[in-house]
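Undergrad: One-letter residues, chain by chain:
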Amino acid sequence: MKENRIDQTVNSTLVSDILPEHFAADYPNLITFIETYYNYMDSDGQFNDVIKDLYDIRDIGTTKLSYIDNMFEEFALGMGQEFFNEPREVLRNFAKFFRVKGSLYSAKGFFRSFYNDTTSEIIYPKKDLFMVGDSASEIGPQSTKVIQDGGVYQVLSVLIKSKTSLGEYEDFYRKFVHPAGFHLAAEMQIDTNNSVTIKSETPTPLVDPDLAIENSHHFSMEHIPLDCTTLVPSGNVVIIEASPSGVFNNSAVLELDDSSGQLEWGLSYDASIGNMYGPTGLDASLITIERVNSTPLSEIKSSIDSDYYGASRHIRNYNQDSCDLNALTVSNFCFQFNAALAPYDSVGNSINFPAHRYRTIKEFCDCKPNSNYINTKYSIGSSLISDIKGKTIQETKDALI
Amino acid sequence: MATNITSTQLDFDQIKSSLKTYFANSTEFSDYDFETSGLSNILDVLAYNTHFNGLIANLATNESFLNTAQLRSSVVSHAEGLGYRPKSRSASKSTITGSIDLSGVAGRPSTTTLPIGTSFSASNDTSNHTFISREAVTANDVSGLYTFADILVHEGTQKTKTFLVDSLSSNQTYIIPDENIDTSTLDVKVFNNPTTNAYSTYTFLDDAITVSAITEYYDVKEAPNGHYEINFGDGVSFGKSPPVGGKILVTYNIVSGPDANGSTTFSAVSTLAVNGVTYNISVGKQIASHSGTNRQSIDQIKKLAPIQFSSQQRLVTPLDYKGMILSKFPNATDAAVWGGEQNVPKDYGKVYMSLKFPEGTTDAVKTSTYDQIKTSFTDNLSIMSIDNVFVEPQITYIETTTEFYYNDGLTSSTLSTLETLVDSYISTYFSTNLGKFESKFRRSPLLTGIDIVDRSILSSKMDIKIQQRFSPTLGTSKSYSINFPVAIAAFNGTSHTITSSGFTYRGSSCIFRNKLSSNAIEIFVPSTGTVLETGIGSYDNINGILILNTFAPTTIVGGLAEIKVSAVPQNQAVVSPLRNYILTLDGGASRSYGNIEHTDQKIVL
Numbered sequence: 017m018k019e020n021r022i023d024q025t026v027n028s029t030l031v032s033d034i035l036p037e038h039f040a041a042d043y044p045n046l047i048t049f050i051e052t053y054y055n056y057m058d059s060d061g062q063f064n065d066v067i068k069d070l071y072d073i074r075d076i077g078t079t080k081l082s083y084i085d086n087m088f089e090e091f092a093l094g095m096g097q098e099f100f101n102e103p104r105e106v107l108r109n110f111a112k113f114f115r116v117k118g119s120l121y122s123a124k125g126f127f128r129s130f131y132n133d134t135t136s137e138i139i140y141p142k143k144d145l146f147m148v149g150d151s152a153s154e155i156g157p158q159s160t161k162v163i164q165d166g167g168v169y170q171v172l173s174v175l176i177k178s179k180t181s182l183g184e185y186e187d188f189y190r191k192f193v194h195p196a197g198f199h200l201a202a203e204m205q206i207d208t209n210n211s212v213t214i215k216s217e218t219p220t221p222l223v224d225p226d227l228a229i230e231n232s233h234h235f236s237m238e239h240i241p242l243d244c245t246t247l248v249p250s251g252n253v254v255i256i257e258a259s260p261s262g263v264f265n266n267s268a269v270l271e272l273d274d275s276s277g278q279l280e281w282g283l284s285y286d287a288s289i290g291n292m293y294g295p296t297g298l299d300a301s302l303i304t305i306e307r308v309n310s311t312p313l314s315e316i317k318s319s320i321d322s323d324y325y326g327a328s329r330h331i332r333n334y335n336q337d338s339c340d341l342n343a344l345t346v347s348n349f350c351f352q353f354n355a356a357l358a359p360y361d362s363v364g365n366s367i368n369f370p371a372h373r374y375r376t377i378k379e380f381c382d383c384k385p386n387s388n389y390i391n392t393k394y395s396i397g398s399s400l401i402s403d404i405k406g407k408t409i410q411e412t413k414d415a416l417i
Numbered sequence: 005m006a007t008n009i010t011s012t013q014l015d016f017d018q019i020k021s022s023l024k025t026y027f028a029n030s031t032e033f034s035d036y037d038f039e040t041s042g043l044s045n046i047l048d049v050l051a052y053n054t055h056f057n058g059l060i061a062n063l064a065t066n067e068s069f070l071n072t073a074q075l076r077s078s079v080v081s082h083a084e085g086l087g088y089r090p091k092s093r094s095a096s097k098s099t100i101t102g103s104i105d106l107s108g109v110a111g112r113p114s115t116t117t118l119p120i121g122t123s124f125s126a127s128n129d130t131s132n133h134t135f136i137s138r139e140a141v142t143a144n145d146v147s148g149l150y151t152f153a154d155i156l157v158h159e160g161t162q163k164t165k166t167f168l169v170d171s172l173s174s175n176q177t178y179i180i181p182d183e184n185i186d187t188s189t190l191d192v193k194v195f196n197n198p199t200t201n202a203y204s205t206y207t208f209l210d211d212a213i214t215v216s217a218i219t220e221y222y223d224v225k226e227a228p229n230g231h232y233e234i235n236f237g238d239g240v241s242f243g244k245s246p247p248v249g250g251k252i253l254v255t256y257n258i259v260s261g262p263d264a265n266g267s268t269t270f271s272a273v274s275t276l277a278v279n280g281v282t283y284n285i286s287v288g289k290q291i292a293s294h295s296g297t298n299r300q301s302i303d304q305i306k307k308l309a310p311i312q313f314s315s316q317q318r319l320v321t322p323l324d325y326k327g328m329i330l331s332k333f334p335n336a337t338d339a340a341v342w343g344g345e346q347n348v349p350k351d352y353g354k355v356y357m358s359l360k361f362p363e364g365t366t367d368a369v370k371t372s373t374y375d376q377i378k379t380s381f382t383d384n385l386s387i388m389s390i391d392n393v394f395v396e397p398q399i400t401y402i403e404t405t406t407e408f409y410y411n412d413g414l415t416s417s418t419l420s421t422l423e424t425l426v427d428s429y430i431s432t433y434f435s436t437n438l439g440k441f442e443s444k445f446r447r448s449p450l451l452t453g454i455d456i457v458d459r460s461i462l463s464s465k466m467d468i469k470i471q472q473r474f475s476p477t478l479g480t481s482k483s484y485s486i487n488f489p490v491a492i493a494a495f496n497g498t499s500h501t502i503t504s505s506g507f508t509y510r511g512s513s514c515i516f517r518n519k520l521s522s523n524a525i526e527i528f529v530p531s532t533g534t535v536l537e538t539g540i541g542s543y544d545n546i547n548g549i550l551i552l553n554t555f556a557p558t559t560i561v562g563g564l565a566e567i568k569v570s571a572v573p574q575n576q577a578v579v580s581p582l583r584n585y586i587l588t589l590d591g592g593a594s595r596s597y598g599n600i601e602h603t604d605q606k607i608v609l
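In order, the protein sequences belong to chains G and E.
Letter by letter, the first sequence follows residues 17 to 417 in the working numbering.
Letter by letter, the second sequence follows residues 5 to 609 in the working numbering.
The hints are simulated quantities; they were obtained by calculation from the structure and are not laboratory data.
Hints are supplied without guarantee of correctness; some may be wrong.
Said to hold, decoys possible - What the simulated footprint calls covered on chain E by chain G, stretch by stretch (three residues with Cβ under 8 Å from a Cβ of chain G suffice, anywhere in the stretch; the number is not a length):
id	segment
1	25-32
2	275-286
Said to hold, decoys possible - With a straight-line Cα cutoff of 35 Å, these simulated DSBU-like cross-link-like pairs (lysine-lysine) come out:
id	chain 1	residue 1	chain 2	residue 2
3	E	Lys350	E	Lys444
4	G	Lys143	G	Lys161
5	E	Lys444	E	Lys163
6	G	Lys179	E	Lys20
7	E	Lys378	G	Lys142
8	E	Lys163	G	Lys124
Remember, it's a predicted structure, so these values are computed and weren't measured experimentally.
Backbone N, C-alpha and C fix where the C-beta goes; we use that ideal spot for every residue, glycine too.
Pulled out of the complex, with its shape left as it was, chain G reads as follows (with noise of 0.2 Å):
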């Protein structure tokens, strides 16, 4: 019953007030004849429970379901209850969610309401198009982009990435939310058992360790500009773009820049053992997101426990065959600049460290603003990544087996 109205009741009570005092008397039986009747029409199933109904019959948050698909038919193209976990939050939002159609937000809302989907992913293919003038569109087995097709891969193009399939959203999605005159694609995305995740927190039987991690896992990138009161805490995981001529390229965010053939990267130098760095010679094309992360650990513990270093996967480690896997977190790895002139200290200071100065990532952040060699870093944030955070390579190992 709302606050401000009164109990619509025809209340038994009042029949013995209404009538004249003397039919108490005389005609008791009546009354409560009476009484009874209007308990009759009080009770559950009869018409004055409908009447209660009218008072917040339109009110989407208190009316009965029953009477909610009749606002689903005026609000929801008659779509019925039966679709939502949540009907009456969808209907209550139906006004929104038909303002945005066509848009991004519709199209994630429209999974996340009709399928309880949170996963899918709505592309725009004509990011990946090959466009003549620009320069991320290469030219090689390196390019990534995609001459337009006439279907798929054009401007007028929306990519649907879901783990429904399209004869059952179709229609649906046709009608709360594409835009005619836009070719549909879509893709359906199918868990196997065969993926390694990392979700994995109890033993489970061993896979083949190898196994790379999932190589279509997408990744977020947070691109932030780099203070020099910035710290990379223990455990996180950052690719630097360093150049030695001091220009940047922006479009090319996960590249390291080998043109002058110095850049190394391993772990880092421990002054009391020496010049223990790894080869030169970096392969750029190996220090790349999806390189990293599907660099296999048992490859990067092989490195380690052989202290190889003379290919091109650049792993030492500098207690040679003592590493202690325990110990070693991500942050050991290292990039080293071998420029003429010196890098940087810890602190931003230019010292007389050995010219082959390996540095770690912690060093890069700590940088001030007038190093030449760090402006950027690119911190990789998914559940991959973050689930490594703070954790040893052998904790990750063990998790990943």
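Assemble chain E onto chain G, guided by the hints.
TA: Coordinates of chain E only, in the frame set by chain G:
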């Protein structure tokens, strides 16, 4: 209209029975006999009271929702809550040319103007109607002849209603006591006092770009009793309020709606005065009046209000376009809209629209409607860079061959009469259920209906074909592509899936058909049973496309303009047309056959 919400059991006898049961179960009255006359009478009264209140509750509940409401006032009110304004009647319109002849008149002006409100009369099959010009037209003197071109005339009778603004209410409404007005003809003038001649013309709210405290607008909507009420702003933040003591002069047209459509033979009722001399107006070129409509029905409002709500004044999905067309352009009786990505061939960046107009609508009217849709709506409300394309509806004919069995002992009708009844039922079924976009043909309900056309009919079956027509260029070898709306049956070795109507080719009266056990098309001479030519084309049964590569008929049999191409659909139970296809019956190619069902009878002595 069916009531969807059953609020309570409304059967009187059941209510009374339920009451008896309730009393009998109570401790006080468990031993009462409710069948005695006194108690029974009291129960009758109480049951009636319950029944009456139940009816009211049921009515109130049903009227609470758009889809269950039955009263027009309730439906209009719910639609208003969705931001939908039901269309009033609209006037039948025409464009005519008029002239006056002043040749030989001295001192005639170089130009003269035919004023707004010039009256004409015209008639259609049923009655005479008055048409009024809606805009002034100026003509030049050409050797004394003044020709007023493209005079837009609307059917109707102009009326005026005057209201005085009193101080009793801050938000007065002004009722125009007529259901038959065309609200698009409203002209609202507001005077500061009843004696002044100075006035402000208020504009319709829908035309207002911004609304402030000084915006002079009016709003008109359907009142609960079906009349129309005019509202003004509050004078504070949402539009200017007419001044207290002022006068409101409302001019509007009472129109006949569709009853005036098809009016021709226009003649001027008014005369035109030039230099103090009146001249008769001659009417020249004219087109039959069109586009008059009734105000939207309850069913139309129920259908269109939710669609318009979902569009939110945007044109994104095909449904948005369809809702806009049907709500704003009532002269289009149906519309089909699809994105270019669903067109054949695909045409991205386009939205295709196909409108169905009443029989007899001229091409000029159709073009005018297309232009209005484009300039008034799609150019402004659709996604930028998305263009629209108008295409004509494609008619797909259905040929039915019906065979029914009947018991001649159950009817006095002859076989011929029964066959006529069945044919008539099929024709009615098609006109009732098909002939619209997206209307599907379903054989099962049609056969169910045939079975009850007459009680003697025991069972029925039906074969169907779909038929497209095309007009070939006679005497010239050309290629043709004929699209069917659904998949065609695959070829077989016993019957021809594709057949055509007759045409003349190489001096013979021929048809074309697919070869048995092949999708190749051959030209066949029925009179001689010979194949005249093979390999003139082929058909793709999955996509429903027939290709004729070198087809050069010289005449079409019967002097017709089109050749009929009939095909057996892959699924005879359901024909679901897409896009702009409309299914209708080819009555001439359909036929019903009756058979007496003979049963073995045994005589038991």
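Undergrad: Quick check: which numbered hints come out false for this structure?
TA: 2, 5, 6, 8
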